Amino acid sequence: MRITNRIKALAAVAAIGAMLGVAGIAFAAFVQDSSSGGVGGSAEAMSPATVTGAQTGVLLPGEKAYVTLTLSNPNTNVKIKLVSIAAGEVIVDSVANSADMSYCRDQISLSAAGADPLLPTLAVSEANFPYKLTDAVTLKDDTDIRCQAMTYHTTWTAQFQAVR
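Numbering (the working numbering), first residue to last: 32 to 195.
These aren't lab readings, by the way, just hints derived from the structure by calculation. One thing to keep in mind: the hints can contain errors.
Label pairs and their computed distance ranges (CB to CB) [said to hold, decoys possible]:
id : residue 1 : residue 2 : range
1  : T81       : D147      : 17 to 23 angstroms
2  : A158      : S65       : 48 to 54 angstroms
3  : V70       : G145      : 28 to 34 angstroms
Cross-link-like lysine to any residue pairs, in silico, SDA-like; alpha carbons within 25 angstroms at most [said to hold, decoys possible]:
id : residue 1 : residue 2
4  : K163      : T101
5  : K171      : S66
6  : K95       : S133
7  : K171      : I122
8  : K112      : T186
9  : K112      : S73
10 : K163      : T81
11 : K95       : S156
12 : K110      : V82
13 : K110      : P151
14 : K171      : Y97
15 : K171      : G93
16 : K110      : P161
17 : K171      : A130
18 : K171      : K110
19 : K110      : T152
20 : K112      : Q192
21 : K163      : G84
22 : K95       : L149
23 : K163      : Q192
24 : K163      : D131
25 : K171      : M132
26 : K163      : D124
27 : K163      : T185
28 : K163      : V109
29 : K171      : T182
30 : K171      : D137
31 : K112      : D166
32 : K163      : S142
33 : K112      : A85
34 : K171      : S142
35 : K95       : A143
36 : K171      : Q192
Please read these numbers as outputs of a predicted model, since none were measured by experiment. All C-beta atoms, glycine included, are put in the ideal place defined by N, C-alpha and C.
Could you build the full structure based on these sequences and the hints that come with them?
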């Protein structure tokens with residue numbers, strides 16, 4: 032029988048394949064898993080924003096006033112985005128006859144509907160950002176003389192979210 036170059040080449044390829052198969056089996060036999068120890072992590076911390084406010088002018092029955100909230104980000108690590116504004120309470124501080132406090136409180140309505148629709152994102156440590164709520168405070172049309180010269184304050188809730 033005559034051995035040709037073609038048969039020699041096939042025999043060489045088969046021999047190399049067999050050696051690689053043995054090496055592959057030997058390699059597979061020595062694979063093992065290793066695990067790391069505990070990998071520590073942490074969540075970012077966020078301090079509450081500072082919110083102060085001011086109402087424009089004094090009201091007559093039927094008039095509306097806007098409120099400007101001043102927003103400040105005390106965080107040195109994250110920006111904060113204003114997510115929502117909600118009207119809170121009306122607190123009557125003084126009225127001529129203390130028996131009229133409840134009546135006068137009910138004559139004031141609050142609304143966040145006139146809030147600027149572009150909710151701002153405050154930069155790290157940004158302070159004194161003015162945020163306007165148009166027609167936020169209304170003294171009802173039918174308010175009578177019992178509420179003249181009353182003083183009051185309103186509360187507003189601003190919700191923020193930490194962002195990068």
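Practice task
Just pull the numbers of the violated hints for me, sorted ascending.
Solution key: Structure breaks hints 3, 5, 11, 18, 24, 36.
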